[in-house]
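**Student:** Going down the list, the sequences are from chains H and B.
Position one of the first sequence corresponds to residue 1 (our numbering), numbered consecutively onward.
Position one of the second sequence corresponds to residue 1 (our numbering), numbered consecutively onward.
Fair warning: there could be bad hints in the mix.
[As the list claims (entries may be wrong)] Distance condition first, Cα-Cα at most 25 Å in a straight line; then the derived SDA-like pairs of lysine to any residue:
#1 B:K132 to B:A166
#2 B:K132 to H:W9
#3 B:K154 to B:G97
#4 B:K132 to H:A239
#5 B:K132 to H:A52
#6 B:K132 to H:R251
Source of the hints: derived by calculation from the structure; they are not laboratory data.
Bear in mind the structure is a predicted one, so any value in this text is a computation, not a measurement.
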Amino acid sequence: MTERGFFRWLRPWIFPAVLVAAFEWYARRASALGSDALAPPSAAAKAFIGAALDGSLWQATGFTLGTAALGLLLGAVLGIALGLVLGLSRRAAQLGSLSVEVLRPVPSVALIPLAMLTFGFGVRMELAIVAFATFWPLLVLVQSAVQQIEPRLLEVSRVLGLSARERAFKIVLPAIVPRLFVALRLGVAVALVVAVTVEIAANPNGMGYAMMIAQQSFDPALMLAWLGWIGVVGFAVNAGMLLLQRVVARRMGVQP
Amino acid sequence: MNAAADFLHFDGVAIRLGGREILSPTSFDVARGEFVCIVGPSGCGKTTLLRAASGLVTASAGEVRRNGVKMTEPSREVAFVFQDYGRALLPWRTVEGNVSLALEAAGVPASERAPRIADVLGKVGLGKHAQKFPVQLSGGMQQRAQIARCLAQKPELMMMDEPFGALDALTRQSLQDELARLVRETGLTVLFVTHDLEEAIYLGDRVIALQANPGPGRPSLARMIDVKIPRPRDQLTTKEHPEYLQLRRELFAFIEQGHD
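Chain B extracted, bound-state conformation (with noise of 0.2 Å):
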């Protein structure tokens, strides 16, 4: 094993829920800094295999390894960005009140909150609007509250369940090029589970794919791509940079295959 291996290491991971296997065993392994994408069809776990590296679900097989510890329990060096904002945010608590739950947890003085609330609000754009209340923002700006949130954690990972499927066109690809940005400026690690073949290829330095149903003994991850398309990426030259064309036309393939 090399010295990236012992960052995140997915060692034969699966996971039955009521007598159902979600997972079939899956291995793989994520270096610090990398940008994983996750994708595959609906009820092919990806969104599990997430809960299962955060510790919101424990593997009913095999196991997941953080710098060589075996993962049982969420950690606050493992920020998770649920997909359901709306339901992610206390509706009582103002953004700054939602991203100060973080450094309450975490046991900050409440002197030293003000500044880092601030400094990961004005990360995510959100300066302006900390005085609000979560239905008073849009569902962009209300999933920007939720990764600023996770920022404040000072995560070293960041585990994202498709956080801007919900969004629209405009809103996912500002907030796309916003979260490499950031990822490029911070260095975390993120794991990022999405539907969207295009978004993980624009994203991701490796997209992983996974196959619902891989039938007994086959493992759920069907495919792994590595995506060396300079950064940093721009919606317009990027997507018609050629290796973006032909991983595109590769993975609809894959995909399209997969459900004959």
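So that you can see chain H by itself, here it is in the shape it has in the complex (with noise of 0.2 Å):
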């Protein structure tokens, strides 16, 4: 690496490694003049690692990731399947328009009350919320991409005698493919902080609940050491969705 190429690689870890120093400088000194209240970024690293040998970590981060996956899935297919219904049919749209407005606009929180008594504190109460909040985007998305899909191959489909399931499957899916995903990656960072904001609020599992725990337990190493971590965990998953899509992207003959 050349020099230039280093600095040009370290420019953007500058502002983070200032904030974290100046918070660990502020953190020191509020514990000396005896505050519980903040524990510096190196105790948080210290709980972390905690955390991580005794396997709490990974138990919590694969339940929400799990939890939040699965949930995906459900609202995604339920709103990939609606959103193509509704963008072909054009009577289908009218006809769903208005409980759609209506719905989409509630909180997806707000159903944390309806879901405890419906299924009782536990997984089957996230992955409810989680599909709720996830189908909605996905439904509106695939609709508009389905309703974009450019006319003249809709004629070629017809002129070549596609019959409506060739056409759904080698014209409709394809066509939408880059903008599907587009849908999945805000589906995706939707379901994670749907799934956390569940655990936090009512869920006893995941990393929400363990976050909630160390914050109780007046342990404000391990809280900071869990609020880092969802954070890394969001961007490693936003990465991945990103590099799926360019890889699919160009597989669809899609040229950047």
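Fit chain to chain and form the complex, with the hints in mind.
**Tutor:** Below is the structure:
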């Protein structure tokens, strides 16, 4: 690596490093003055290693990611299916428009009481809320993606005499893949946020709950460790989706 | 009616879209194996006429009959070459895959597709580009790919909507000659819309001129000219042929008149 390249690589890290250093200094000073509310990043790192070694980190991370993924799968399958129907049929879109517009703005977290009554504490409640939260963006984005398919391609399918099923699988679905991936990336972000929120608010499982427990047992170091870790997990998941999107786009013949 | 008139017959075809008369009642016949070019100023309804003939739009009055049967829906025996080749090809399929789509639609078993794809790609000179995606091809090659897909349909009638309008002059000339050769070899009947009068005379057995806004009660069809220049034609001698020059003068004079 040339010296220039090295500095270029270093540049994005400067600001976080300064921030962490400032926080370290501030938190140390606060605890020296007798405050229990904050812990310096060095203590958080120690707590993080402890959680990683005793396995609680992986167990909670696995729970949150697994539930978010399963909920997203549920919401995405339903959202994509209904989005296709609403996008292809003007009559269906008119029929569904009012219901969609009324239900879509309901904050998914507002469903926690209802989901708790229906499913009790546990995985099923969290799944239901994640599915609900991811269903809407996928529905709306897939519907608009279908409506924006090049009309010429649909004419080609008519002239060639493709059946409705062939048209769906050979024209419509491949045509919306790039937009579908944008929708899925959004869905992944929503799923993670909602899963952690539900764990903080209600479900005694996963990363959100672990962070709450740390806070309630006056362990700010562990709490900060979880907070940082959740950020890292979110970053990694999004980066993975971006990579997947690029690979798929290339396979679909879309040149960057 | 003679036997030729039974092949493709336009009987008072008129089309209104959004309250505007795009095409006023137009009647003419096309014989099997004939190459008919349709010219006219923009807005005269030539593309709409083609779309009606392929069943993509329904006539508001009159009807199009093919082999004596009224056309209401697109049929696999009628291929359609769109002007905007870039939008008519599936960007996520290779040239081969795009041609294959026509065969898949027709229910050709997978084992029989490869030789037929190779055959039509060879005919349009894309044999070496089967694995390329549309974005990797020039405009002329993309249009060849679309023509190959239409040939794979094994149509008896091919509709071409200004297929070479967006191409540069040299590419256009070579595609004209290849199309003329393909049509001679396959015996296809072609309806070819163009705004280029010289192209129409060069390619057609007959040129049909439409006029825009003919006025109430009058047909869009304004002129029908038989082109008796011998085939095979070529870019140099045909364009010096006395009949070519005379028809060219006649058509240009007519179109200019139409604008006054």
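**Student:** Find the hints from earlier in the document that the structure breaks and name them by number, from lowest to highest.
**Tutor:** Those not satisfied are hints 2, 4 and 5.
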